[in-house]
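Chain by chain, the residues run as shown.
Number of protein chains: 2
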Amino acid sequence: MADSKAMVTREADFSAWYNEVIQRAELADYSPVRGCMVIRPNGYAIWEQMQRALDDMFKATGHQNAYFPLFIPQSFLAREAEHVEGFAPETAVVTHGGGKELEEPLVVRPTSETIIYAMYAKWIQSYRDLPLLINQWANVVRWEMRTRLFLRTTEFLWQEGHTAHASEAEAEEETLMILGLYRKFAEEWMAMPVLTGRKTDSEKFAGALRTYAIEALMQDNRALQAGTSHNLGQNFARAFDVTYQTAEGTLDHVWNTSWGVSTRLVGALIMTHSDDSGLVCPPRLAQWQVVIVPIWKTDEDRAAVHQAGTDVMNELRHAGIRTHLDAREGLKPGAKYFEWEARGVPLRLEIGPRDVAAGSVMLARRTGGKKEPISLVGLPKRIQAEIDTMQQALLDAARERRDAATVRGISKDEFIARMAGAGGFVFGGFCGSAACEAEIKEQTKATIRVLPDPEFRSPEPPARCMWCDAPSVAEAVWAKAY
Amino acid sequence: MADSKAMVTREADFSAWYNEVIQRAELADYSPVRGCMVIRPNGYAIWEQMQRALDDMFKATGHQNAYFPLFIPQSFLAREAEHVEGFAPETAVVTHGGGKELEEPLVVRPTSETIIYAMYAKWIQSYRDLPLLINQWANVVRWEMRTRLFLRTTEFLWQEGHTAHASEAEAEEETLMILGLYRKFAEEWMAMPVLTGRKTDSEKFAGALRTYAIEALMQDNRALQAGTSHNLGQNFARAFDVTYQTAEGTLDHVWNTSWGVSTRLVGALIMTHSDDSGLVCPPRLAQWQVVIVPIWKTDEDRAAVHQAGTDVMNELRHAGIRTHLDAREGLKPGAKYFEWEARGVPLRLEIGPRDVAAGSVMLARRTGGKKEPISLVGLPKRIQAEIDTMQQALLDAARERRDAATVRGISKDEFIARMAGAGGFVFGGFCGSAACEAEIKEQTKATIRVLPDPEFRSPEPPARCMWCDAPSVAEAVWAKAY
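Residue numbers (my numbering), protein chains in the order written: chain A, 993 to 1474; chain B, 993 to 1474.
Just so you know, the hints here were simulated from the structure itself, not pulled from any lab data.
Values in this document were obtained by computation on a predicted structure and should not be read as measured data.
Incorrect hints may appear among the rest.
Just so you know, same-sequence chains aren't split out, so a pair can sit in one copy or run between any two.
Here are the simulated DSBU-like cross-link-like pairs (lysine-lysine), alpha carbons at most 30 Å apart as the crow flies [as the list claims (entries may be wrong)]:
{"#": "1", "residue 1": "K1324", "residue 2": "K1437"}
{"#": "2", "residue 1": "K1092", "residue 2": "K1289"}
{"#": "3", "residue 1": "K1114", "residue 2": "K1196"}
{"#": "4", "residue 1": "K1404", "residue 2": "K1363"}
{"#": "5", "residue 1": "K1404", "residue 2": "K1114"}
{"#": "6", "residue 1": "K1328", "residue 2": "K1114"}
{"#": "7", "residue 1": "K1404", "residue 2": "K1196"}
{"#": "8", "residue 1": "K1324", "residue 2": "K1051"}
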């Protein structure tokens, strides 16, 4: 139950505000297990909507789901050198099973490349078995020191795609196709604008040839990596001996990709749209897109408004609009409004005796507009239009905020001041040196989020490195990040 | 790819046959991790269909999904005495995380009562918070010595419902409602008849007041427990101090239920329906209900039959029938038939140039009927009727097999002979003594599957215990079980 004290504001303390939005909307809770969260029904419902939308996209592009073991023999992790270096320090290790010490400890999967490619070695024989396009919805564990609900937890839920191809070009095409799909999902479903591009070598996935990412900017002007797509080259195929007979009869290693998004997206959604009254959820991902609150004083009115509310609910549901009737007794309408507002329900319909008499309902929007009466005639069409308008308005507003917090071509001193102050995205020239990149991170805490794709690059390519003034080899986007 | 050698038959070696069905249909595979399986796309697709159907049923009865941590502090498991005794010996234990030894080891959940009720203690304050109806889709781990694909694996996927209620009567009602829902799912979706009833104390869930189950009989006349629903009473509420303020202002412990079905159901489905040609899958749960195989020799024919196949696919999909067009090149129609048969696709439509000319397709059923040409006019309706007929026929056939393998009122000697031979369900009187139950198990390997619900009981209640001849307190159903 939401508590009626005023919320802390974004401006006063963004981090405390974030936690309060989650608690008031009952999206997640801390658990007694260090670093692990509980995803409560209101939060899990958003994740289910995300899963449904993404799963449809994966299947429409030829992928199938499967399930691989939670446990990975410790020796598997070690087979790919960069991979073990990246992941071994943050693993949870099972040493005992069935009351006995194990001969070889098992790692709880931090990601599943190794166990999956060990199976692919068995399944793939010939070019006819390629491409192999598999996705898995699963939990993974990475031992985190500092955790935050949804954003960084020891256990989290995600999907991980793992594909095998007959050529580097096909693997690269898959990697970029998925990146585009993630972008489409972020923009069209989450109403969250993203930059796309490639990660520098210091920021790429441990074991990948190239990592691409979608990067969003939160309301506190810190960046959030919202999804990654890796071209793994033949690194894992060599480590796990995944070979195939080519059409010409020779033997070659396959080319792999892997890609994932996680429950972190729920955190991104919260920090992109919510306000000082609580959660704001894009209607396409909301558990309930419409909540109906009947208002009555007498028993006679009660029967009439409940009947009207039920009729409206059935009509909207029939039109495919996720609608809930809040018929709870013993709770005043105002308390219900307050609760549904904190929970981010996009549209609220209030129905009192006068509305029933007038053949209308009172429409209240979570964002963008005052209350107004609307006719019951043609209601589903009107509500669908409201949903579409709100979905687009949230994307537009988020894009405007991001663009306002984006600067290009500033000097090193301006960069330092900006990272100590307003934050946001900074586009600038980059010399390509990992040492320079590390120095920037150390002095300003900013990292290169991506080397942006052409569509996001500045019209004039920067000539010099923003930091060291050496010739620029690529434009980069810096930000302080989650 | 299915291999073209003849399969081992059910009669020759049921266990080898079961494994071969799984391998040929590519449903699952052994993994390099002891006791853990890989669920391959064909098998996972069946599980996804099961999930969708069950999830809809749970939501329609007011349940919401949530997600709780994979890890459980070892001390939590110990709080409920029977529970720890039942589960501690089969747990996997994480002793190290992030490179350090943990202060308290973490158990990988074998089931989630303890961690969930620890959260409920925090969330539930008042009778207004009840009932709390939550379900979780998750992986669980139970260290198994002898494993079999789908039936008994160290890690498996399942759903676990956990509810809290204000009275024992409400908890019992929920427990039985879910039992009925499981039965409905088994019969209407899996085409698998089940007995329902209560478990004896020796067979109940560790920590439950009462356990109810659905029990099916496989083609080798061994029983399989396909789902359980537990009334937990106040046992866990006491152990985790889950209390609520009643409407009268007093404080009471809540009443809990928990219930689950797992990927074991995929094994049950296989052993209920499949034959010596491979998997037989009830159409309502099949990944593809219809596969279209175009047949051609010349390039000209090829274009025509592919067009016709695509048109048919689109028409059937539009009608909500899961349809796949197998347009693979370089594979003869016969090889495709063989493969789809092993994979259990209910209906196959063959389209050759002569079929196109005649405005018909050749329909082949996986079970129950010979090939016959059917008209393209009104095809979706005809196919839907075929699906419904096959679904019902599979249930009828399975029920007939089960009933033929069920006997009532036999003597102790007949019982011993039966359990050493044909197997099946045996209904008989039970004295209620755990010692008698244990002796039967030791001497015959048969266990009491359920004390059956009234609808399954014999018209005349048995007067004496089938084994010890003492007065019977309840009718029981015995079988050797998976």
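Going down the list of hints, with the structure as the test:
no., hint, result
1, K1324 - K1437, "neither (48 Å within a copy, 61 Å between copies)"
2, K1092 - K1289, "neither (66 Å within a copy, 62 Å between copies)"
3, K1114 - K1196, "within (28 Å within a copy, 41 Å between copies)"
4, K1404 - K1363, "neither (48 Å within a copy, 77 Å between copies)"
5, K1404 - K1114, "neither (53 Å within a copy, 50 Å between copies)"
6, K1328 - K1114, "between (57 Å within a copy, 22 Å between copies)"
7, K1404 - K1196, "within (25 Å within a copy, 70 Å between copies)"
8, K1324 - K1051, "between (45 Å within a copy, 27 Å between copies)"
In summary, the structure is inconsistent with hints 1, 2, 4 and 5 from the numbered list given earlier, while agreeing with the others.
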